[in-house]
Structures are given as C-alpha cells and as structure tokens.
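**Q** For reference, the chains in residue letters:
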Amino acid sequence: MSDAIDVKNLTKQFGTTVAVDNISFSVQEGEIFGFLGPNGAGKTTTTRMLTGVIPAEAGTATILGYDIRREPVMAKQGFGVVPETSNAYADLTAWQNLMLMGELYGLGRARAIKRASDLLGMLGLIERKDQKVQAYSKGMKQRLILAMALLHEPELLFLDEPTSGLDVHSTRMILSLLRDLNRAGTTIFLTTHNMEEANRLCHRVGIIRNGKIVAIDAPEKLKTAIDRVHRIEVSFDRDVPGDALLRLDGVTGANRTGDKWQITAENRDTAIRSLVAFSQQNNRKIITLNTIAPSLDDAFLRLTEEAGP
Amino acid sequence: MNPAGLPEQMRRAWAIAKKDIRIYYFKGPVLIFGIFMPIFLFLAFLMGSRELPLPFLVSGLIGMTLFFTATAVSPAIFPWEGSAKTLERLASCPITIEAIVFGDMIASTLLGIGITLFTVIIGLVLGLTLLHGIILCIAIFLAAWCFSAIGMLLAVPPTNVPSNIMMLSSLIKFPLVFISGIFIPLEQMPSWGLVLAVCSPLTYFTDLIRYSFTGVHYFPVLIDLVALGVFTLVFTVITMVLHKRTISKRM
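Chain order of the listed sequences is L and H. Mapping to the numbering used here: the first sequence position 259 is 259, numbers consecutive. Heads up: take any position in the second sequence, counting from 1, add 1000, and you land on the numbering used here.
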C-alpha cells in the first residue's frame, strides 16, 4: 500500500516562533489518520501546509504522489478540505457554492449537478439548497462544507476539527459519513481535539506538541505503551486474603476498594491467568474481571506532558 | 483534462469571475466608489465649467466612469475574501493564484465595460456623434483591463480590512483623475502637468475617447493604443507576481 501523504522534515516559522519543527510522517492510502495536539501545537499550520494554503520554510510534503509546492494544482485536484472555520460563501446559496466548487475542480455540469443533489440529500440540506448560506446554522454550514469538499469525489480528505461545536445530530451524521467514505477507500487526515472521536475513528494517530511529533501509533498501542504497569479490577463471590493475591505470578500489587480488588501487574496476561487459576484452586467464583486500560486522553496528556520543556 | 493546463485554468478563472459578479457587484463600497462617485464628481464639474463643450465633458465622464468602476471591485475582493476566510478555500482548490487574480480582473473589467457603455449611450442621446466606434471599443476594453489590474495592484498590501484598501485606493485614484486630462485639457496643462500626465494610463484612454467622439487628439492614436497596451501588460504581470508573493500572508 503506498502513501497518500508523505511528509519529510517539514518546518514552518512565524517570525521567531517555530510553529512546526522538522516533522516527518506518512499516511497510507485508505487510512484514517488522526492528528492530535494541544492548542497552538502546530496542527492547523501543518494542515495548511499540506493543503497548499501556506508554504513551508523547509522540508517536503508529497500528497497523492505530487509535491504540494512544485505541483500544487495536481495535488489539490485529488483532495478535499474541510477547514476549521466555515468558509462557504455566505452571499451565495448552498447550490451556488457547490456549483462553484464543481467548476473549480473541473467537473462537467451534469456530474456536478448529480453529485450536488446526492450530497445535499445525504446531508439533509436539499430542502434549503436555494437559501443563502448566511441563514444557515453552524451545523448546516459544516455539513455544506463537507459536501463542498466531497463534490469531486476526492481520494484524500483533510478535516480540521470537523465536529467542533456541533450538536449530536450533526456530529453523528458527519462521523458516520466519514466511516462510509473510508470504507469506500477514501484516505482521511483528521485534526481533532476530541480524543473519543479519534479513538473510535482513527487507524493511527500522530501527536504533535510544540511543533514536534511526539508519538505516532495505533490508538490502542499508544494507550498501552504509556503505562508499563497494568491495572486489573477483579471481584470474587467470597472474601479472599490480599497476601494470597500478592503471591500470584505477575501480580505486583493488590489493593482492596469496596468489594473489588485493584491488581497491578507488569504482565497483564500472566496476572489474569494466575487469577483464574487461583479462583479454581480456592473454589472462588470470579464475579467481575476488568482490565483498566488508560484512555487516549491519558495517553495524550502523558505524551504531551512528557515532551514538555 | 489537465487541471494545471492553461485552458482548464482559464475555465476556472471564469468561475471565479462569475462568483465575483454574483457577490461583489452590489456591495455598498462598490456602488459608492464605482458609480455614485464619478457621477457626483462629474455633476460638480459640470456646474463649475459651463463654458466647456459637451464632447469634452462627456468624454471626461466616460473616462472617469471606466476608471472608477473598473477599479471599484478589484481592490476589495482579496481583503473581503481574506476576512471571510473564503480565500483560504480558494487557496486549497486546484486553481493557481494567477487564475484567481485573472478571474477577479475579468469581473472588474466587465463591470467597467458595462457601466461605461451606459455612459456612452447617454453621450449619444445628448447628441454626440460617434466618429470612430472601433477605436472606442478597443480603448474601452484595453483601459478596463488596465484599470482592473491597477485595482488588483492596490489590493497587494496583505490587509484583510477592506476599508484600509478602499482608503489607499482613493488616495491614489483621485490624483490620477486630476492629472489625466479629464478636468483640464492636455493642451492647457503646464509642462510639469504633462510630465505627470504621460505617466497615467487614464490620459491615453481619455485622449482616445475624445478622438472617438470629436476626431481631436493630443497624442497620435497609435501611441495612445500602444501606451495603454503596455500599461495593461505591465500592471497585469506585476499584480500577478505580487499577489503570488503576498497571498499566504492573508491566511
């Protein structure tokens, strides 16, 4: 599988501030890649460089096989962009905005009309297609922008905080559409603050802090990588002595919290096997057994704090 | 289809022009600076200069109208689009900066030509005779393009506050009107005035308009046309180069 995005040593400076500092990463075709980071970390600047809105000071970004600086038109022809702020033309209707996009992407009129009708129908805007965008709610504007980005059926979609500040209905509609698009083969580069969204949607996430990439991996791997000590919560049908649990293979700590035991272990697999064997040997039934994995929030906070000055 | 090829980029520039026509023609500042301003200037001039012949006055009105209308839309488009973030949308679309600028200039040129043709009709209704129609058409087309390039050039400073650009634009446009033979015939200008006049493309356009209606001209017609053509080419190239350099500062 080839790379839809290939970034090498990308750098951007605003005055004396280094906004993006020599970052390198790649996004494979068909992947949903989440780009996470605290405010001011360099997420939007990176996205703007990748989409050709602002130039990089150094480094290269190859998008769908085209260098975004040397062949910007060819690169841009293959992707769509949903920026952070709604930027449809407020003085035009939704339909006029879509037809403008159709012309800017070189679509034939018949195809543009068909795609626009389909997308507006899918996103629940067809009834209000002839209304000026200035009368639209934030959710409607965001759905329209998504339609504008999808009109030419891009192979790659850049989204910058696509669900920020939206109601549940619009958020679900957009996320569901993104999943469907990805299943159909569209590569997605998603910038977000929403860890839950990234966790559910992304195949891999990259975390940026102070302009530098601090981690890139699958969400589950990132979560487990940050805690070397694993936690397991277990409860039995009858009382068990704490020192017996402490003697089990793989168990490094056992603390009682209510009717449950919080077990800490260096190797989660060994500890779970020991607990199951213990329950069988001592004729105790396991009522609940949960592995307590760190959330992506935890991973994000740990990684961005560790990388701090 | 080659998206980066010239024919395709021209088609996309036309899409930009259509968008501009829909959105910006009826914006307040465009109506004020492009239509009302030249009319009021002309009326004020008419009241104070009753002894001047009608052909001279109408030629001045046509020159002023084209200059003000063709420079009314183009300076404001980039600041408006920058503040509304729609410029960022265009920058991420497969269209070159040159094609965006070209599209904006088409919209500006068409507005200039449209309103100017209206003033030409007024002149004909008032009894003027059109002696050189083809020269008039060529002059209007060349000058409209030239003035819209000047308008785009005024928008080069990367501010996203339209009023700043409109102020800068007025600061440059008004002196140009006074040195270009609209209010004072070139024949009556002092030598230092003539030196300034030859630097203004509006001078050559006004001279061509007068020639078209009266047969009288100050410079040879060919010189007028060549000068206007050179100004048009130079301003078009400079505005495209400068916008390409400054556009990322608007984002």
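Just so you know, these hints were derived from the structure itself, not from any lab. Cβ atoms here follow ideal geometry from the backbone N, Cα and C, with glycine treated the same way. Keep in mind that the hints are not guaranteed to be accurate.
[What the hints assert, rightly or not] To give an idea of the chain H side of the interface with chain L (calculated C-beta under 8 Å), a few residues:
id	residue
1	A1084
2	E1088
3	R1245
**Q** Mind checking the CB of H/A1084 against every CB in chain L and telling me if the closest is under 8 Å?
**A** Cβ of H/A1084 sits 7 Å from chain L, so the hint holds.
**Q** Would the stated hint for H/R1245 survive a check requiring a Cβ distance to chain L of less than 8 Å?
**A** violated (10 Å)
**Q** Under the criterion of a CB-CB separation shorter than 8 Å, is H/E1088 in contact with chain L as hinted?
**A** Because about 6 Å separates H/E1088 from the closest Cβ in chain L, which is inside the 8 Å limit, the hint holds.
Hint compliance for this structure: hint 3 alone is broken.
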